[in-house]
Amino acid sequence: MPVPEVTDSFTSSVNRVTLGATKDSGGTRTSTVTIGGARNVVYGGSIEEAGEKPVIAMDVLDSRPKDWPDILAQHYQDVLDSPADWAKKCIEQFGADLICVKFEGIHPDKADLDAAHAVKVTEEVLKAVGVPLVLWGCGNDEKDNQIMPKVSEAAKGENALIGTVTEDNYKALTAIALADNHNLITEAPLDINIGKQVNILASDMGFPLEKIVTFQDTGALGYGIEYSYSIQERQRLAALGGDKIMAMPSICDAGYESWRAKESKLEDAPGWGDVQGRGPMLEATTAICLLQAGVDIIRMRHPRAVAVVKNFINQIWKKD
Amino acid sequence: MALTGLQIFKLLPKTNCKKCGMPTCLAFAMQLAQKRAKLEDCPDVSEEARQQLAAAAEPPMRLAKFGSETSAVEVGQETVMFRHEEKFYNPTVLAVTASDKLTGQDFKERVESINSLQFDRVGTHISVNAIAVMNDSGSADAFATAAATVKDTSELAIILVTESPEAMAAAVAKTADSTPLIAKATPDNAEAMAKIAKENNCPLAVCAESIEALADLTEKIKAEGVEDMVLSLEAEGDHTGSPLREQLYNLSTIRALALKKTFRPLGYPTMSFVTDGDADQQAIYATSLICKHSSIVVVNTVEPYAFLPMLTARMNVFSDPQKPVQVEPKIYPIGEPDANSPLMFTTNFSLTYYTVESDVEASRVPSYILVVDTEGTSVLTAYSGDKLNDKIVADAMAKNNVEDLVKHRKLIIPGYVAVMSGKLEEATGWEVMVGPRECSMLPKYLHEFWK
Chain R
-17 MPVPEVTDSF
-7 TSSVNRVTLG
3 ATKDSGGTRT
13 STVTIGGARN
23 VVYGGSIEEA
33 GEKPVIAMDV
43 LDSRPKDWPD
53 ILAQHYQDVL
63 DSPADWAKKC
73 IEQFGADLIC
83 VKFEGIHPDK
93 ADLDAAHAVK
103 VTEEVLKAVG
113 VPLVLWGCGN
123 DEKDNQIMPK
133 VSEAAKGENA
143 LIGTVTEDNY
153 KALTAIALAD
163 NHNLITEAPL
173 DINIGKQVNI
183 LASDMGFPLE
193 KIVTFQDTGA
203 LGYGIEYSYS
213 IQERQRLAAL
223 GGDKIMAMPS
233 ICDAGYESWR
243 AKESKLEDAP
253 GWGDVQGRGP
263 MLEATTAICL
273 LQAGVDIIRM
283 RHPRAVAVVK
293 NFINQIWKKD
Chain S
922 MALTGLQIFK
932 LLPKTNCKKC
942 GMPTCLAFAM
952 QLAQKRAKLE
962 DCPDVSEEAR
972 QQLAAAAEPP
982 MRLAKFGSET
992 SAVEVGQETV
1002 MFRHEEKFYN
1012 PTVLAVTASD
1022 KLTGQDFKER
1032 VESINSLQFD
1042 RVGTHISVNA
1052 IAVMNDSGSA
1062 DAFATAAATV
1072 KDTSELAIIL
1082 VTESPEAMAA
1092 AVAKTADSTP
1102 LIAKATPDNA
1112 EAMAKIAKEN
1122 NCPLAVCAES
1132 IEALADLTEK
1142 IKAEGVEDMV
1152 LSLEAEGDHT
1162 GSPLREQLYN
1172 LSTIRALALK
1182 KTFRPLGYPT
1192 MSFVTDGDAD
1202 QQAIYATSLI
1212 CKHSSIVVVN
1222 TVEPYAFLPM
1232 LTARMNVFSD
1242 PQKPVQVEPK
1252 IYPIGEPDAN
1262 SPLMFTTNFS
1272 LTYYTVESDV
1282 EASRVPSYIL
1292 VVDTEGTSVL
1302 TAYSGDKLND
1312 KIVADAMAKN
1322 NVEDLVKHRK
1332 LIIPGYVAVM
1342 SGKLEEATGW
1352 EVMVGPRECS
1362 MLPKYLHEFW
1372 K
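Those sequence lines, one after another, are chains R and S.
Just so it is clear: in the first sequence, position 249 is 231 by the numbering used here, and no numbers are missing.
For the numbering used here, add 921 to where a residue sits in the second sequence, where the first one is 1.
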């Protein structure tokens, strides 16, 4: 029986953003990564409309994490004090597409490390791996404004993805990212209207919309993922409908959010099954859910979770 | 799809006779469209119009029910492509296979391990819903025995999976009063399977290789008198493509055809099998199918660690976007608090609670969190809507017997509602300590201010 054709009236697409700069473009990266480009919703229409393959950015912390459960930390014991070796391990052994350097240690409530430290980490990681970098502040406005501009400068010419800027704190980082020609992450707290507002604020400072990647904040599975999920779907629909202020690709954080959940950390919970599998699967399914809603970059931590999610992405976004 | 008032108007007599109580036929049509009037009120409507209107009133995707009275599940009757447009109504039924190649004690243990896939998380009980009995043995007797065992030893709904009408008839004979889902009718056995489904009043899973073939088959089976169907696309796929990818794209297409085109031959719930690969792979494949439109997902792992996230994903995706997710209002002990531990309150909006909980955990200071019922709103929203005031907090404290819980008389309140301190002290006689505005500062606060 012939079935009717499903016709979508989408007029537009998600922006394509290329991260990283090779020697030809003035950087030192050995490869670049392009994200975005979807012309339909996830599984809508045909595979040709699905855009670029989503990618995994594995987290490398600038300093030894103190609160990582053993199940996670055991895979990094040999590299926890060396961000460069850590990054190398993520690329060579775990198959990361990108490295996300998270400057956790600069937070005043944590190690309160200084700009010299952050610059050194940036330079070392740039030297150690050839993939494009994501450079992510600590979340403390004052400290980020003080240090992230130095980080930006240290990666000048590399076309990195740097963030995050928020509604209340966007000027310093937007200005320096513009000057150093990086891509920018705009962050909103699970609120699509604020998400749009931050894009407008950055754009008003002259930052090109086509170099922005949005971070709508992530709730892990069981911890508010339904909010992230629907915001991502609405963002995709807005992009396809021609809203230029919402046409950016997006990044989410499955790693951090999953590993602070008690399902991942609590060892003594026999009813929940093997603790070695619980955390990695919470992280993997958080990533999988958000892929269904249309995210482009996923920050992840556990190699076992990365392996299954990569396998999924390779199957679903395989071009014929 | 529902008809508009104007579309209905075209089917009415257009005599403006007022017998229905409305001044004009158009007015009556508008009331019908809004479901405020009944077609029976019009004495002159033609039989043809009656049929067309009745057909249009049918939901675009039918419901399928199976299981006994206690294990009954419902799938289908979804109305939207995206949960934010309205909500998803009937959560994906998660089923686990039990092969009839296992016999005796081995089979019983398998059923027992499936029965035990139940979890409690934040006050909600989540569990697997069905057992898919697989006729791997090829024997009708073995299949019937396995089906009977499941019926006797499990509270879960039953899915019977065989392409042999003989085996199906034997198994249904043992389980008919539990209304199993009969799977699967193929182009080769459709008539025989339809007969079994019809005679026993059970829903029928219909299986074909393509969307087009499925549409043919459902029409054929409908003509045999079976209306309750579930669609299953052959998951084999071809050798070049990826079966999971085809499955996900096809499920989206089927959903869109049913909802946007009101294409009745595909207006049924769907079923997918994820029985290859290890537990990790099954968990993530199943999760994608739960999100994107499989009404039933059958897996064969029984690893609890794989089910916890699958079931949580289902709970989250099928939650109502209009209704904030709430946690049960009660006392939550964090760590192992004693009579000298801090007591603080927050609201029962799940995101608010999770954030507070995780920051209190991070502080490693054993504490009690009193969750106050604010109808699922956050601290500021609740306060401005008068769902959080001194009286409500005092009542919650009394109801949860906090006086017996701790020896001290100090209550930490969210920084955002510092303004209620005075009244709250009066209402309770407790000393009010104003906590931080952002709960990320809670660890620091607990270490510095709690003595």
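Derived by calculation from the structure, the hints in this document are not laboratory data.
For clarity, every value in this text was computed on a predicted model and none was experimentally measured.
Accuracy of the hints is not assured; some may be wrong.
What the hints assert, rightly or not - Lysine-lysine pairs mimicking DSBU-like chemistry, simulated, CA-CA at most 35 Å apart:
# : chain 1 : residue 1 : chain 2 : residue 2
1 : R       : Lys226    : R       : Lys247
2 : R       : Lys292    : S       : Lys1143
3 : S       : Lys1143   : S       : Lys1182
4 : R       : Lys226    : S       : Lys1182
5 : R       : Lys301    : S       : Lys1331
6 : R       : Lys247    : R       : Lys138
Outcome of the hint check:
Between lysine 226 of chain R and lysine 247 of chain R the alpha-carbon distance is near 41 Å, which puts this suggested pair outside the 35 Å criterion. Between lysine 292 of chain R and lysine 1143 of chain S, the direct Cα distance comes to roughly 42 Å. Violation of the 35 Å bound is thereby established for this hinted pair. Between the alpha carbons of lysine 1143 of chain S and lysine 1182 of chain S the distance comes to roughly 19 Å, so the proposed pair stays at or under 35 Å and holds. Using a Cα cut-off of 35 Å, the hinted pair lysine 226 of chain R and lysine 1182 of chain S holds, with the two alpha carbons roughly 29 Å apart.
Of the pairs offered as hints, the one joining lysine 301 of chain R and lysine 1331 of chain S is violated, with about 62 Å between alpha carbons and a cut-off of 35 Å exceeded. For the given pair, lysine 247 of chain R sits about 38 Å from lysine 138 of chain R by alpha-carbon distance, which is inconsistent with the 35 Å threshold.
The structure fails hints 1, 2, 5, 6 (numbered hints given earlier, in ascending order).
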